[in-house]
Structures are given as C-alpha cells and as structure tokens.
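Peer 1: We have chain A already, so just place chain B on it with the hints.
Residue numbers (numbering that gives the first Met the number 0), protein chains in the order written: chain A, 0 to 190; chain B, 0 to 112.
Please note that the accuracy of each hint is not assured.
With a straight-line cut-off of 27 Å between C-alpha atoms, the simulated DSSO-like cross-links for lysine-lysine are [to be verified]:
1) Lys168/A to Lys73/A
2) Lys92/A to Lys67/A
3) Lys64/B to Lys67/A
4) Lys168/A to Lys92/A
5) Lys73/A to Lys64/B
6) Lys92/A to Lys64/B
According to the in silico footprint, chain A covers these stretches of chain B (three or more CB under 8 Å from chain A) [said to hold, decoys possible]:
7) 39 to 47
8) 51 to 63
Using C-beta positions, here's what the derived DEER-type ranges look like [unchecked claim]:
9) Arg60/A to Ala90/B: 53 to 63 Å
10) Gln8/A to Ala97/B: 50 to 60 Å
11) Val93/B to Lys73/A: 34 to 44 Å
12) Gln8/A to Val35/B: 44 to 54 Å
13) Ala90/B to Gln11/A: 29 to 39 Å
Think of the hints as simulated: they come from the structure by calculation, not from any bench.
All C-beta atoms in this analysis are idealised placements derived from N, C-alpha and C, irrespective of residue type, glycine included.
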Amino acid sequence: MQREQVESQDPQDLVARARNGDREAFGELVRSHQHEVYTLAVRLVRDRDMASDVAQDAFVRAWRAMPKFRGDAKFSTWLHRITVNTAWTHRTKKNRVRLDPLDALGAEPESALLDPVRAGEAAMARPEIEDALMELTEPIRAVVVLKDVYDWSHTEIAEHLGISVTAAKVRLHRGRKTLRSRLAHLRDGPR
Amino acid sequence: MNVLCPAVHVALGTVGVDAITGPAAAHIERCENCSVEISEHRRIQAELASLEPAAHTAPSHLQTKVMSSLGPIAVPDLESRGGIVVPVAAAAFVATAAAGTAVLLRMRRQSAA
Numbered sequence: 000m001q002r003e004q005v006e007s008q009d010p011q012d013l014v015a016r017a018r019n020g021d022r023e024a025f026g027e028l029v030r031s032h033q034h035e036v037y038t039l040a041v042r043l044v045r046d047r048d049m050a051s052d053v054a055q056d057a058f059v060r061a062w063r064a065m066p067k068f069r070g071d072a073k074f075s076t077w078l079h080r081i082t083v084n085t086a087w088t089h090r091t092k093k094n095r096v097r098l099d100p101l102d103a104l105g106a107e108p109e110s111a112l113l114d115p116v117r118a119g120e121a122a123m124a125r126p127e128i129e130d131a132l133m134e135l136t137e138p139i140r141a142v143v144v145l146k147d148v149y150d151w152s153h154t155e156i157a158e159h160l161g162i163s164v165t166a167a168k169v170r171l172h173r174g175r176k177t178l179r180s181r182l183a184h185l186r187d188g189p190r
Numbered sequence: 000m001n002v003l004c005p006a007v008h009v010a011l012g013t014v015g016v017d018a019i020t021g022p023a024a025a026h027i028e029r030c031e032n033c034s035v036e037i038s039e040h041r042r043i044q045a046e047l048a049s050l051e052p053a054a055h056t057a058p059s060h061l062q063t064k065v066m067s068s069l070g071p072i073a074v075p076d077l078e079s080r081g082g083i084v085v086p087v088a089a090a091a092f093v094a095t096a097a098a099g100t101a102v103l104l105r106m107r108r109q110s111a112a
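Just chain A, same shape as in the assembly (with noise of 0.2 Å):
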C-alpha cells in the first residue's frame, strides 16, 4: 500500500495559513489527514462511497469553518467532530437505518454493502477486529467506533450522534458484548 510522502512542513503553521484562506496550505492539510479522515468515515458509514463523499464534505466544510477554528483542540481532533457530523447527515439524508428504536440495534447488518474486495483492503490491517466492527449495525458501530478507537466520552458521542448519554452507553455495551463473542475465536485459537 503506497502513500504519497506528505512534505513535512510544521501543521501549526499549515494551519494558520489556512485560516486565512491559504488554499495551498489547506491542500496540504487535506493530503496528510485525507486518509485518518476516510478511515473514520468508512468506520461510521461502512459504504466505501459514501464514506468518500463524507470525507469530501468534511474537508469543505472544515474549509468554509477554518476561521472558527481556534486551536483549542488538535486540528485532527477538529476534524474527526466535522467527519462524524458530516457522515451523521449523510446517513440521515440516505436514510438507511432508523436511529432510535431499540429494536433496530439488532437488526442483522446490511451485508449486502459489503464488498468482499474492498472488504480484504481493510483486512490487511486489523483483519478480525475491523471486520466484526464492520458487521455491527451501524448505531451501534458508532458508538463502540468513537468511544473505543477515538476515546470520545459519552457525553460527546450523545452530543454528536443526537442520543442520550444512556443510549449511548447501553449501545457501547451491547457493541462490546457482540464484538466479544465474535472475536472470541482469537482468544481461544483456531478452532
């Protein structure tokens, strides 16, 4: 898997020069988080064309939103708040999964946007771990994504995904627990 070697330039100072409309600056921004930011998207959408519509977004909107953005945070931190968002109205606009009922959460996932091709990319990776997230429903999946591999607390995941802190943590915990039983094959060896 070839990557462009990214210049290394100082992304506080990217950053700034983007803020103040330097579109060169921001390209360069664009090229070193293009991939972490598809990464997240693919996490929370699964659907590999639409987590590159979702990271496309994300970037303008982060572009149109640089003047409001202040450094309190990392810049990559800042990002990841615009790429759930962003892939939040994606979903909601698709209207693939209802959101709130319970019942939906365990719902059986929707295989059939699964690409076995591209599916293998991801393997190479992290094979067992990032597949049997990808088989969570994707509320689900949200949830265990943000909590467990970006150390989102609660209250931010209920504040972004628009649930309450307790549907967030329930969701976490039925994540947790799926993910245990379908992982379980790693602890144990092969069978």
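Peer 2: This is chain B only, laid out in the frame that chain A set:
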C-alpha cells in the same frame, strides 16, 4: 452465579468497567465469572484502541475533488468579517425599526381620519 453477577453486568453497560465500585467491585475480585467478563471487556477495548487511525487508504481522487469543491473565494478572516457583519446587522435593524414605526404612524393617522 452469584446474585451480584447480574448487577455487575448491568453496571458494565451503564457506568463502565472502571467506574464499578462498592459491593459490585468487591464481588468482582471474588467471582471468576465476573473477572473473566471484565477482562474480556478490557481486551476488546485494548484491541479497538490499537486500530490504526488511517487503516483505509483514501481514493486517489479525493484530494483533487476536495480542492475543486472549495470555491474560488478565500475564507475571510473572522475578525474582519465580524467587523463588517456587526455594523451591517445594526444598520439593518435600525432601518427595519424605522420602517415599522413609519407604517404604524401612517395606520394611526388613517384610522384617526
């Protein structure tokens, strides 16, 4: 299975592994089932936390598409934008208030006549 085992499982889903205290915490130390449950939770958490932040490679056209979607106008600086927006908003408010007053006065005159 102890009577406290279900309480531990509920606590796992509500307060999280590290926030379990009191009798439930004391129970975990003695109960093999609950200890296994907790260690499994921790293992899953550790596995997830170790995932690569950039595990998936973005499509090669992503950056080009982003840059072509930014629009030709550079982002204005917040201070200068605020400096323009506030007086314009104030002027609009004054103009609206003046127009409303004029209309009210006219209606009052008409009803008086």
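Peer 1: Are the hints correct? Go through all of them and say.
Peer 2: Status of each hint after checking the structure:
Between Lys168/A and Lys73/A the CA atoms are separated by roughly 26 Å; this keeps the pair inside 27 Å, and the hint holds. For the given pair, Lys92/A sits about 26 Å from Lys67/A by alpha-carbon distance, which is consistent with the 27 Å threshold. Restraint check for Lys64/B and Lys67/A: satisfied, since their Cα atoms lie roughly 23 Å apart, inside the 27 Å limit. Taking the CA atoms of Lys168/A and Lys92/A, the gap is near 25 Å; set against the 27 Å cutoff, the hint holds.
Only pairs whose Cα atoms come within 27 Å are accepted, and Lys73/A paired with Lys64/B is accepted, the gap being roughly 25 Å. A C-alpha spacing of about 21 Å is found between Lys92/A and Lys64/B, which places the hinted pair at or below 27 Å, so the restraint holds. Three residues within the 8 Å Cβ limit are the bar, and the stretch 39 to 47 of chain B against chain A gives 7, so the coverage statement holds. Note: the stretch 51 to 63 of chain B has 10 residues with beta-carbon separation from chain A under 8 Å; the three-residue rule is met and the coverage holds.
For the pair Arg60/A and Ala90/B, the supplied restraint of 53 to 63 Å is violated, since their beta-carbon distance comes to about 30 Å. As the Cβ distance of Gln8/A to Ala97/B is approximately 52 Å, the hint placing it in 50 to 60 Å holds. Between Val93/B and Lys73/A the CB atoms are about 43 Å apart, so this pair conforms to the stated range of 34 to 44 Å. As the Cβ distance of Gln8/A to Val35/B is approximately 49 Å, the hint placing it in 44 to 54 Å holds.
A hinted range of 29 to 39 Å for the beta carbons of Ala90/B and Gln11/A is consistent with their spacing of about 38 Å.
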